[in-house]
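Number of protein chains: 2
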Amino acid sequence: MVNYPKGVTGQTGPINNNVRKGKTTQRGMIFGRRGMGLEDAINEANEYYLSNHLAVIYKKPTPVTIVNVDYPARSAAKITEAYFQKPSTTDYNGIYQGRYIDFDAKETKNKTTFPMKNFHEHQIRHLAEIVAQGGVGFVLVQFTALDETYLYPAPELVRRWQDLEGHRSLTYQEIVETGYQVPAKLNPNLDYLHAVDQYLLDLNRK
Amino acid sequence: MVNYPKGVTGQTGPINNNVRKGKTTQRGMIFGRRGMGLEDAINEANEYYLSNHLAVIYKKPTPVTIVNVDYPARSAAKITEAYFQKPSTTDYNGIYQGRYIDFDAKETKNKTTFPMKNFHEHQIRHLAEIVAQGGVGFVLVQFTALDETYLYPAPELVRRWQDLEGHRSLTYQEIVETGYQVPAKLNPNLDYLHAVDQYLLDLNRK
Numbered sequence: 007m008v009n010y011p012k013g014v015t016g017q018t019g020p021i022n023n024n025v026r027k028g029k030t031t032q033r034g035m036i037f038g039r040r041g042m043g044l045e046d047a048i049n050e051a052n053e054y055y056l057s058n059h060l061a062v063i064y065k066k067p068t069p070v071t072i073v074n075v076d077y078p079a080r081s082a083a084k085i086t087e088a089y090f091q092k093p094s095t096t097d098y099n100g101i102y103q104g105r106y107i108d109f110d111a112k113e114t115k116n117k118t119t120f121p122m123k124n125f126h127e128h129q130i131r132h133l134a135e136i137v138a139q140g141g142v143g144f145v146l147v148q149f150t151a152l153d154e155t156y157l158y159p160a161p162e163l164v165r166r167w168q169d170l171e172g173h174r175s176l177t178y179q180e181i182v183e184t185g186y187q188v189p190a191k192l193n194p195n196l197d198y199l200h201a202v203d204q205y206l207l208d209l210n211r212k
Numbered sequence: 007m008v009n010y011p012k013g014v015t016g017q018t019g020p021i022n023n024n025v026r027k028g029k030t031t032q033r034g035m036i037f038g039r040r041g042m043g044l045e046d047a048i049n050e051a052n053e054y055y056l057s058n059h060l061a062v063i064y065k066k067p068t069p070v071t072i073v074n075v076d077y078p079a080r081s082a083a084k085i086t087e088a089y090f091q092k093p094s095t096t097d098y099n100g101i102y103q104g105r106y107i108d109f110d111a112k113e114t115k116n117k118t119t120f121p122m123k124n125f126h127e128h129q130i131r132h133l134a135e136i137v138a139q140g141g142v143g144f145v146l147v148q149f150t151a152l153d154e155t156y157l158y159p160a161p162e163l164v165r166r167w168q169d170l171e172g173h174r175s176l177t178y179q180e181i182v183e184t185g186y187q188v189p190a191k192l193n194p195n196l197d198y199l200h201a202v203d204q205y206l207l208d209l210n211r212k
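Taken in sequence, the protein lines are chains E and C.
Per the working numbering: the first sequence = residues 7 to 212.
Per the working numbering: the second sequence = residues 7 to 212.
If you are wondering where the hints come from, they were derived from the structure by calculation, not from laboratory data.
No incorrect hints appear here.
Pairs count within a copy or across copies, as identical chains cannot be separated in the list.
In silico PhoX-like pairs for lysine-lysine, Cα to Cα no more than 25 Å straight-line: (1) K65 <-> K92; (2) K123 <-> K92; (3) K191 <-> K115; (4) K65 <-> K84; (5) K65 <-> K115; (6) K65 <-> K112; (7) K112 <-> K123.
Source: prediction; values computed, not measured.
Starting from the given sequences, assemble the full structure and let the hints guide the process.
See below:
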């Protein structure tokens with residue numbers, strides 16, 4: 007089996023065929039989608055938001071550098087040599103209730119910390135630019151072992167990145183205290199705009 | 007030489023090496039960049055806006071479906087089979103002065119009309135969704151023979167698309183009358199945010 011990097015099929019295709027199937031847990035059917043990957047859960051939520059006219063948010067296609075393309079007669083152009091590029095921005099952006107939304111999604115198996123090395127400096131810089139322009143930036147951090155996902159605001163992330171000089175880790179505790187938990191629901195499974203609502207309420211209070 | 011589709015190098019690389027060189031016109035050096043493609047001119051403007059903290063707007067990477075990847079030992083993963091996907095959205099989005107910006111760019115050699123077949127239905131639908139969410143949507147239409155570029159607002163485009171049932175053409179005259187001309191400048195060459203400013207002024211007046 008080919009190991010695709012995450013999200014490699016880009017934004018337009020159907021949800022990946024290699025969606026991890028729901029784990030068979032003791033709770034069986036009810037939590038049948040608990041094991042779905044973070045990216046798949048976000049894509050599912052975005053499709054739900056789009057079809058219900060709640061938001062227009064897409065995952066950006068994976069950037070690749072194309073070196074060689076064949077143009078067979080009467081067939082689609084075939085890329086025969088290409089390489090993955092390092093993205094210079096975040097993976098997701100769009101619009102929600104007139105606000106520009108921009109975020110990345112990260113998973114960790116750790117239960118008590120979230121290592122800063124999960125972020126690249128250019129992503130932090132990008133999120134800082136977004137905040138300076140009045141956008142709503144954040145990361146969705148999923149603690150897979152705990153099955154908990156938090157919206158962690160970009161201004162906080164940028165500040166802590168500078169404190170920690172890009173090294174060491176955020177603690178689970180500070181993410182819980184400063185972040186906004188994403189509720190688990192049936193549809194969409196990962197209703198992250200609910201956490202965005204809570205964050206916007208706090209932003210507007212300031 | 008390999009004919010890359012437009013923008014195939016994605017968002018993170020340097021400006022394409024295959025930038026069309028400035029035409030040698032009678033006006034020589036001064037208009038040395040007149041012949042630069044529309045996409046290159048937009049990328050140049052976006053870099054200018056980003057480095058001057060005026061806006062954060064990127065071209066989305068070209069979406070590709072990856073079918074096969076080789077992982078040679080001690081080398082970067084090499085994509086050996088992939089195909090271009092039809093984009094389901096527009097090519098550019100980002101944030102400017104707190105507003106969500108979303109647009110596509112189209113060139114025509116025609117001098118008097120702009121054929122609707124330049125747009126795909128899903129792009130029109132996407133722009134309609136953006137407008138419904140309070141975003142600023144438009145297309146940049148370049149009449150290459152006239153060396154004139156206009157911002158043509160998405161609400162107008164959606165309305166005219168419905169009138170014309172996706173067929174026939176917009177006239178040059180209606181684009182001039184309803185659109186906003188992008189001024190030619192030295193830096194950036196295609197200062198399209200100037201046209202966005204004019205459009206926002208009119209929007210705020212309504």
